[in-house]
Amino acid sequence: MNGLEDSLTLPREQNRERAAQLRGTKTKTLSGLKWRENLLAYAFLAPSLILFAIFFFYPMIKSVYLSLHATDLTGRVTGFVGLDNFDYLIKNDLFFQGLKITVYFALLTVPTGILAALILAAITSGKQRGLTIFQFAFSLPVVLSVGSSSVIWMFLYHPSLGMLNYFLSLLNLSPINWLIDPKRALLSVSLMTVWMNLGFNYIVLSSGLRGIPDEIRESAAIDGAGPVRTFVQILLPLLSPTLFFLAIVSVISSFQSFGQINILTHGGPMNSTNVLVYSIYQEAFENFRFGTGSAQALVLFVIIVILTLVQFKWVEKKVHYQ
Amino acid sequence: MSRRISATVLYIVMALCALAVLYPVLYAFSTSLMPPSEASLYPPHVVPHSLNLKNFVEVFEIVPIAAFIGNTFLVSIVVMLGQLITSSLAAYAFARMNFKGKNLLFASFMATMMIPWEVTIIPNYLTVRGWDWLDSYQGLIVPFLAASFGTFLLRQFFMQLPTELFEAARMDGCGHVRFFLSHVIPLSRPALGTLGVYSFLHMWNAYLWPLLITNSDKMRTVQIGISMLQHQETTEWNLVFAGIVIVILPSLLMLAFGLKQLVRGMTVGALKG
Numbered sequence: 001m002n003g004l005e006d007s008l009t010l011p012r013e014q015n016r017e018r019a020a021q022l023r024g025t026k027t028k029t030l031s032g033l034k035w036r037e038n039l040l041a042y043a044f045l046a047p048s049l050i051l052f053a054i055f056f057f058y059p060m061i062k063s064v065y066l067s068l069h070a071t072d073l074t075g076r077v078t079g080f081v082g083l084d085n086f087d088y089l090i091k092n093d094l095f096f097q098g099l100k101i102t103v104y105f106a107l108l109t110v111p112t113g114i115l116a117a118l119i120l121a122a123i124t125s126g127k128q129r130g131l132t133i134f135q136f137a138f139s140l141p142v143v144l145s146v147g148s149s150s151v152i153w154m155f156l157y158h159p160s161l162g163m164l165n166y167f168l169s170l171l172n173l174s175p176i177n178w179l180i181d182p183k184r185a186l187l188s189v190s191l192m193t194v195w196m197n198l199g200f201n202y203i204v205l206s207s208g209l210r211g212i213p214d215e216i217r218e219s220a221a222i223d224g225a226g227p228v229r230t231f232v233q234i235l236l237p238l239l240s241p242t243l244f245f246l247a248i249v250s251v252i253s254s255f256q257s258f259g260q261i262n263i264l265t266h267g268g269p270m271n272s273t274n275v276l277v278y279s280i281y282q283e284a285f286e287n288f289r290f291g292t293g294s295a296q297a298l299v300l301f302v303i304i305v306i307l308t309l310v311q312f313k314w315v316e317k318k319v320h321y322q
Numbered sequence: 001m002s003r004r005i006s007a008t009v010l011y012i013v014m015a016l017c018a019l020a021v022l023y024p025v026l027y028a029f030s031t032s033l034m035p036p037s038e039a040s041l042y043p044p045h046v047v048p049h050s051l052n053l054k055n056f057v058e059v060f061e062i063v064p065i066a067a068f069i070g071n072t073f074l075v076s077i078v079v080m081l082g083q084l085i086t087s088s089l090a091a092y093a094f095a096r097m098n099f100k101g102k103n104l105l106f107a108s109f110m111a112t113m114m115i116p117w118e119v120t121i122i123p124n125y126l127t128v129r130g131w132d133w134l135d136s137y138q139g140l141i142v143p144f145l146a147a148s149f150g151t152f153l154l155r156q157f158f159m160q161l162p163t164e165l166f167e168a169a170r171m172d173g174c175g176h177v178r179f180f181l182s183h184v185i186p187l188s189r190p191a192l193g194t195l196g197v198y199s200f201l202h203m204w205n206a207y208l209w210p211l212l213i214t215n216s217d218k219m220r221t222v223q224i225g226i227s228m229l230q231h232q233e234t235t236e237w238n239l240v241f242a243g244i245v246i247v248i249l250p251s252l253l254m255l256a257f258g259l260k261q262l263v264r265g266m267t268v269g270a271l272k273g
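Chains as they are written, first to last, in the UniProt record's numbering: chain A, 1 to 322; chain B, 1 to 273.
In isolation and in its complexed conformation, chain A is listed as follows (with noise of 0.2 Å):
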C-alpha cells in the first residue's frame, strides 16, 4: 500500500509542481492576452466614443449648464442665474401653448398615421399578384425628404390656385385656407405630416405582419373566421409588439417635428402651429436667447424620456408577446 501511495505520490507531486509552472506562464500569456484585447476593442470603439463624447454627452451637460445661465446675443455666459430661465418659461403663457400645440400634434399624427398604414398594410399582406407596385407605392413616402415634401404640399394647400382648394370646388365644396386660417393649420400640417410618415409606419407595419406564420391564417381560415375577424382577432394581437415599438417611434419623431412646421406655417398663424422644437429654434436662434432656449430643451428632453419609459411600463403590459 505505501510503495504504492508512495509510487502515486511522487509523480503527483511533480505533476503538480509542472502544473503550477505551466499555470504561471500561461496566466501571464493569458493576462497579455487580455490586455491587448482590452486595448484593441478600446481602439476599436475610439472614434465613436470620441465623437459620441463631443456632439452628444458633453451637449447635455452643457444644455443643463446653459439652462442655468443668462448668455449675451454671441451666445456667451454673461452669468449665473440659477432656476429664472425655468420660472420664464412657467410663467410664459406661449411655452405652454407651445407645450399643448405639441401634445395635439402628436394626438393628430400618430393614432392616424399608424391606422392608415395598418390598413395598408393589411389590404396588401396577401399573396395576391401585382402587390409589388402597390408596396412600393405605399412605401414611397418614407424617402422623401421634410424639406422637398413639405414645398410640394405648399403648392397644393395654395388658397387659390392649389390643387386641394381645385378637388374641393369639383366636389362643389368651398374652398379653406389651409394654413391661413388659425383653426386649420395645425390640421393641415398634421395632414401631411400623416402623408410623409405613412411610409415608414407601412414598412414596419407590414414586415411585421409578414413575420406572422401563414399556418396561423391557415387554420383560422379553416376554422371559417372571415378575413377581417382573422385579422382583428388573431393577426392584431401578434402584431401587437410592432404596433408598441411603431408607437413609441412615432410619439418622439413626433415631438420632434421642426422642417414641416418651418417651411409651411412658421409656427403661426397666431402660433397656432408653434411647436416645441419649432419655439427652441425661435428661442435660440432668432431670438438669441440661449439660455431659455436650452431650458426648453432640457424641457423636450425630459418629455422623450418620461413618454419613453411610461410607454415601456403601460402598454407592454398590454402587449401579446408569441
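Rather than coming from a laboratory, the hints here were simulated on the basis of the structure.
If we take Cβ atoms under 8 Å as the criterion, some of the chain A residues that face chain B in the derived model are:
hint	residue
1	MET60
2	GLY147
3	TRP153
4	PHE285
Heads up, simulated DSSO-like pairs for lysine-lysine below, C-alpha to C-alpha not over 27 Å straight-line:
hint	chain 1	residue 1	chain 2	residue 2
5	A	LYS91	A	LYS183
6	B	LYS218	B	LYS54
7	A	LYS34	B	LYS102
8	A	LYS313	A	LYS100
9	A	LYS34	B	LYS100
10	A	LYS183	A	LYS100
11	B	LYS260	A	LYS127
12	A	LYS62	A	LYS91
For every residue, glycine included, the Cβ atom is placed at its ideal position computed from N, Cα and C.
Mind docking chain B on chain A? Use the hints.
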C-alpha cells in the same frame, strides 16, 4: 364568383389608395413638365397638355442647384463612409471582443439613441461656431460621422455570424484585426448596404442642421435650396417643381434599388419586439 368580385374590389381600393398616396409626387412631376403659362393656370390642369423640358435647364440658372447637389452629394457620401467605418469597428468590439466596461459602454451607446438630436442642437451649434466651422463641409459632416443606430444594426448582424467561423480563424492564428477585415466585413455586405442606404438618405434629406450652420449659396444643401425656391420673388411653379423633381430623383432611385435594404434597417428594432 363572389371571391372574384371581392378580389376586384380589393384591387380597386388598393389602386385608389395608391393614387392618393402617390398624388403629391405625381403632381410634382406633372407640374415640372408644364410651360410657365400652363403651370399658373386656373382651373389647373391635372396632367400637362404640352411638355416643356426646358424647365430642367432653366432651374439651374435661377438657383445654384448644381452646387447644392454637389455639396449634398459630397456630404452624404463622406458621412456614409464615415458611419460605415466607425459603426462597424464599434459593432465588432461589442459583438466579438471581451473588455472591461463593455456593458456600461454599450448602454451609453444606446443612450445616445434616446437623446433626440434637437436637444443637443444649441450646444452643438456653439461648439461648431467656436471652431469656426460654420458654413463649412467639416461643420456639415463631422457631427454625423458616428451613429449608434448603425452600431446597433451591425452588432446584431455580427452576432448572427457563426461562432465556428470565429473559432476556426482563431485556431489558425488569425487575430481580431485580420478576422474583422478579411472575414467579417466581406460577410456583412447586406448589413453594410442597409446602413449605407440609410445614412446616405438621412444626410441627403437633412434639414435643421444645414439650415442652422450654412448661410452662403456655396455651402447650402439641396433641402435648404429647395425651400429657398418658393421664396423667389417671381415664383414660377414649373421651375420650383423641376427643382424638386431633380432633388427627389436620387431618393426615388434609392427606393427602387434599395427598398429591401431600407426595410431590413427599419425593422431591426421592430422585429426584436
